[in-house]
Amino acid sequence: MLVVSGLTDYAIEMKGIVKIYPGGTVALKGVDFAVKEGEIHGLLGENGAGKTTLVEILYGTRRPTAGKIFIRSKEVDVKSPRDAMDMGIGMVHQHFTLIPVFTALQNIVLGDEPIGSMGILDIEQARSKIEELMEETGLKVDLDTPVENLSTGEKQRVEILKMLYRNADILILDEPTAVLTPLEVKELFEFLKKMREANKTIVFITHKLREVKAITDVVTVLRRGKVVGKVKTDEVSIEELARMMVGREVLFRLEKKPREPGEPQLILEDLWVLDDRGDFAVKGISLQVRSGEIFGIAGVEGNGQTELVEAIAGLRRVSKGHIILAGKDVTNADPHTLYELGLGHIPEDRHRRGIILEFTLAENSILGLQRKNPFANNMGILEEEKILDWARELIKRFSVDAPSPTIPASSLSGGNQQKLIVGRELMKNPKVVVAAQPTRGLDVAATEYIRETLLRMRDEGRAVLLVSADLDEVLMLSDRIGVMYEGELMGVARPEDLTIEEIGLMMGGVKLDEIRKGGAS
Amino acid sequence: MKGLITLLRKYIKPISESIISVLIGVVVGSIIILLAGYSPLVFYEALFSGSFKHTRAFLDTLSYMIPLTMTALSFAVAARASVFNIGAEGQMYMGALIANIVGTYIRLPRLIHPFVAVIAAFLAGGFWGWLAGILKTKRKVNEVVSTIMLNWIAFYIVNYVSTYHIFDPKAPYKTAYVLESSRFPPLVKGTSFTADFIIAIFVAIIVFFLVWKTSLGYEIRAVGLNPTAAEYGGVNPGKIASIAMFIAGGCGGLAGAFLVLGRFGFITTTLTNVLNWGFDGIAVSLVGRNHPLGIIISSFFFAILNSGALEVQVATSKGGQIGVPYELVLAVMGIIVIAVSVPGLLDLIRARLRGRKEVEKVAMA
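Taken in order, these protein sequences are the chains called C and Y. The opening residue of the first sequence carries number 0 in numbering that gives the first Met the number 0; numbering runs sequentially from there. The opening residue of the second sequence carries number 0 in numbering that gives the first Met the number 0; numbering runs sequentially from there.
Next up, chain Y with everything else stripped away, as it sits in the complex (with noise of 0.2 Å):
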């Protein structure tokens, strides 16, 4: 009972802040839907309601999750090591293409087929990953530069390739399809609720297990948390960010993987298909707290966010009028976002800061 109370009071105040900042949130968005001259109320209806209109709709949004719930991983299990990844961008690139080349190339039965490419993706992102984590410890490369340079690296290495390599002849702006037999199939026909989504949920529970309950996860955090009493822990701080940036960066490719083998079958030669999720999955794990259970909650509301954006536009016409322009909708959904991440964000700066203070408060001794 004792530790029920505790284990309650360790996540009411996560909670309630994320509460709260969703609040706030809708509060300033009101404000500039008002200013635009429509009503928030019919704005926020649509919005939060889109997804639940219909079994279609709501399985539609679910399918959202996949590609966030993997990039936010990516960022969260970063962040556990103190490690600030924003590269889950890049790691998607390159599992999307590994598992677009395994995917079309490779002829393997109908079962394991997929789990192969996904594999393989997984490893290409954790390479992707690695290499901002190996740039961090060994040569002392902030993992802000690294990752972004990397995303940039990706982006056009995947660009090259699926412009010059692997595209479709009878479509060249694209690849070809993957081959059926390592698609992802629809868990309920004529939807994007693909099977990849029970093992999205699925790695997020193992992420939480790796996290939590094994002695890697415990250096892992202890890393995270106090660099110097790690390495008393007979801990080595530099080789264990580098493994948390493997699989970070194996998250980030399976997020690549899950796109290509369960929604589109393919990427565009300028990715524009794939483009974004790896930035949204920053925000999904800071609502989340760096959290797998946390992620699981915020990227479903996230996906309601999505698939309400389109809705807004169709429920604020009325009668001739123009509904609230998709510009406004995501300016809208900025709001909501930076407000629900602050707490997040403060709570990772202010472990950084006191890091720095502890080691000044040493230095003064």
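Next comes chain C alone, as it looks inside the complex (with noise of 0.2 Å):
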């Protein structure tokens, strides 16, 4: 390997990050991040360990509140992605950026049009150097096909095409390969390792511990904002590495009073369900929700938990399998249906899906129940007065903090729109209650009042599943839970009956029955 000259021989060095979003979220408590050139260097952490937000800050997207960067021992300022490129920095991001009408070459020049005589746009002349740089990566992609007609693996080589096109020799690469097929993903490990050969230095951001084990040199393992260790990935076991990832120190626990079980009210046979892009999102899910318990879903954002309660919902098509609600077979059935058949809908995201924010309370108050008696009377004229009761009620029993129930749902604090949402889908009376993420972005008086409520809907015999990205949560109120990895349940059990580390390896993608075997690596 080449050695190089020099004070040190780190290409990325950052010192003391911290950074604080408006509203005061710490994402980056005083985090140091050192990357050597020439190596592939693994960002590891689950959602919210600042990951991104490292990297944004590298890449000149975010600015940070504190700290300094040093691209090749040089103190710098990245303002801008523009200031990044210039000095060699390329991103690929979890979403692309491409343009779906243009061609994959049109989309690799972008930003950096090859200009011909008399200042005429001249793309041809870049084709031979792009030809070049896919025959020495390996890279291929046919340059006249409009990215849209694209495979989600062949958009990821553009994006990649695009950075090494303008140069850059220290590549960020966020969760490349959440979008990739197994094949693409060996793939993909080959080429990273011809770029190490050729002395780049390559950030690779995942949560995926076996990735890590395979094509990293080093890990830095973040958690909730700080650098938890930095190792070198042969000195390190995969178990170790799932106890950095989510280790904590004291599990903060709720009162839960002891209850059994009824019958299940929520049933899913092998489901499956594509995602936005038509690849499966959901592989062959099945599981049961019994009344009087919370069935915990946990895992990294982005393993399909989104598709899968979208589908329980009623809002995205099953492929394959079958959802029963309360003993009848509701697979596909509509949004209407489901709530006349006692679904409760907590959604993930309360701005696009739970609520109208020009809306008043009142109005959405009665989202789902809009044709409904009382609210509406048999010529479907609304009953005024008693959607502002209802209203009035709901704020009331779910202490939501509003003058009056004719102000638009805008001027409520995101806490108590999410009172507002859960207010109303238990006022429904459901069976069943699917809350997504029902406490993100919330203040923690917020947050404790919707998890007590939760937990409250199972004491009254309510079947919940909740999904939650937050580890926490879903181990502190659920009387069972599963990890999703990829579309698929790695494990269900008791949370007292799994260990911090079993959890971080099936967030990582081991199977609970393979770690017990005691085959994880």
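No lab work stands behind these hints: they were computed from the structure. Keep in mind the model is a prediction, meaning the values are calculated, not measured. It is possible that some hints are incorrect.
[What the hints assert, rightly or not] Computed list of lysine-lysine pairs in DSBU-like fashion (alpha-carbon distance at most 30 Å, straight line):
no.: 1; chain 1: C; residue 1: LYS385; chain 2: Y; residue 2: LYS52
no.: 2; chain 1: C; residue 1: LYS371; chain 2: Y; residue 2: LYS212
no.: 3; chain 1: Y; residue 1: LYS238; chain 2: C; residue 2: LYS319
no.: 4; chain 1: C; residue 1: LYS516; chain 2: C; residue 2: LYS282
no.: 5; chain 1: C; residue 1: LYS67; chain 2: C; residue 2: LYS14
no.: 6; chain 1: C; residue 1: LYS427; chain 2: Y; residue 2: LYS238
no.: 7; chain 1: C; residue 1: LYS510; chain 2: C; residue 2: LYS319
no.: 8; chain 1: Y; residue 1: LYS52; chain 2: Y; residue 2: LYS188
no.: 9; chain 1: C; residue 1: LYS371; chain 2: Y; residue 2: LYS12
no.: 10; chain 1: Y; residue 1: LYS238; chain 2: C; residue 2: LYS327
no.: 11; chain 1: C; residue 1: LYS427; chain 2: C; residue 2: LYS395
no.: 12; chain 1: Y; residue 1: LYS212; chain 2: C; residue 2: LYS427
If you follow the hints, you should be able to join the two separate chains into one complex; please do so.
Following this line, the structure appears as structure tokens:
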């Protein structure tokens, strides 16, 4: 391997990086991150650990609150991605930034178009350089196909070629394998090894433990905005990595009454669901949620949880398998039918699904009930007095901090908006409640209130399916948990029967029975 | 009391914005009038007072409100479902044609006849609007493109049918007068202030009721503001948008029916007597903030401009000197209309951008 002369051989050094978002969320609490030239450096952590924020600061899409950045031993101020590119830093985001109707070639040169004589655009001039790049790296794409007709893996190649075309020698890949098939992952790894041979520096963000072992030289583990460790990959076991990633000092526990669960109210049988790209996001999930229990689904976000919830709530088509709600097969039923049969749904993104910001609290309080007695009469005319009474009761019962039910929902804080949604779903008196990320972005008091409410629902004998990327929340509330990874359940168990290490391994893609058989790595 | 204050606050912003816009338009218009060598004072005095000189002028002004209100409602109902309907023009043509045919070729008693014709026109216009709705929801055709095209298709259909089939043998440039039994008579003899005025106001109130007081209206507004949340609420956004376009088209169709059964009694084969009310309705609706009650007020404002335009020419001519040319009057009116439409347009654009941003936010998360 090449030895680089100079003061240090670090390609990237970030020192004491602090990031406080407006609103007070502390994403990074003084992170030191150093990557040597020519190494593949893993950045491991669960949701909210601060991985993405850290590289966004490096790439110039976010500004640090404090801290210093050195690129090749020189202190720099990365104000924008443009600055980063000029310093030879390239990044492939989780969500691609390509123009669908442009060809691969046009996308690669975009932003750095070759100009021919007379100042006229001459894209063809770039073709040979790109073809050479493809030859060297093994990343082959048909340059004349519009990007919208390329597969996800090919699109990623276009993004990578785009970086290389700009002569980037520090490559940041944010969860690059999340969208790839196993074969494509293998090809990507081959490519990364070639890049390492060419002395390029690679930052590889992931939550997948096996990938860390397979491809990285060094790994930095982040947890809640802090570095918990930096280790040589071949000196650490996959179990140790798991423990570092999710390790918790003390588990905060809520008072939970023991309760015998009753009949299964929500049954999923071998459920298969597609994502927006047309790939399977849910791959054969089977589970049962019984009345009087909370079934928690943990896992790093983007492993099919969103699609699973949408399928249960009638907002996404089920390709294969069955959903049984309160004894009735409701596969691909519309939301209205599901509400009639006793489903309550606290959606993942309250502004996108749960609430209409311009509507008043009263109007929002009947979303999903707008055609039902007593809120509308047989003629389809809304009964305003009854709606107002209902909204007032909701505000009172769920302590929504609002002066009147006629103010728009946009004037409420996030916590109160969520209380409004939770209250509305509970006032429907559901048999089954599906709660997706119910406390995301809420302050401590609101979070606690929502969690207590979920427990109360369980104690009232409802079946609760809780999907949350907040591991503490799932462990704290659930009677049973399942960990989702790439559309599958890695295992189902009672939280008290699981060790932190086992949970970490499952989140990183190891099945529970494999772990218990002792064959993790 | 508290409710009243919040209610007032809700309306103060849009109303004051509209008034400020009118003033800005007036100022910019003044500059043009000055440059053309006329007195802005005389100009505006004439423009705004023409309608109030005597009762007849006032009633004629009111009669302009009839088609304007209807086409504005067409735009407004669709806009509530976040559909940018610029097809009121074509919906109006279809309504005019069907009202004309029913009014001429079907014999019915005096009181029933106009209502049958009006309902037929509503259905015809509604169908025309629904076509754009269904193209949008089923085939993702942008409604701006489809409604423009449907406007032209409607134009030539009416042009063809009136030229070759239902023309007046004695005056082939137009259709025959519809039967007297189907006409809306003037409420005051010798004016164009016809009985359909009452129905037009009534329709605006019905639309208000429909949009704000019914389950369907709730769903239309939900789809317009946040289609994904509406879907979550058990609403099929595509279906609701199509229904909204049907109602919108129906209102456009009514504009045509009222012009034929009220003011004119016929259509010219080149549609000259019904032209452009549909496009003017877009501006009326934007000024009225896509609100049926706002539309009644703003269509009154536009009607004043409309009848004032002719008055200006007379008023500004002094002893041998020619008055402000009609073309210049229209240009100044255009400026006022643009200025007044800006806040409403901004609202629409803002809502669209926010919708898009929300989608992006989800994609980023």
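Checklist entry - Any of the earlier hints contradicted here, and which numbers? => result 1, 9
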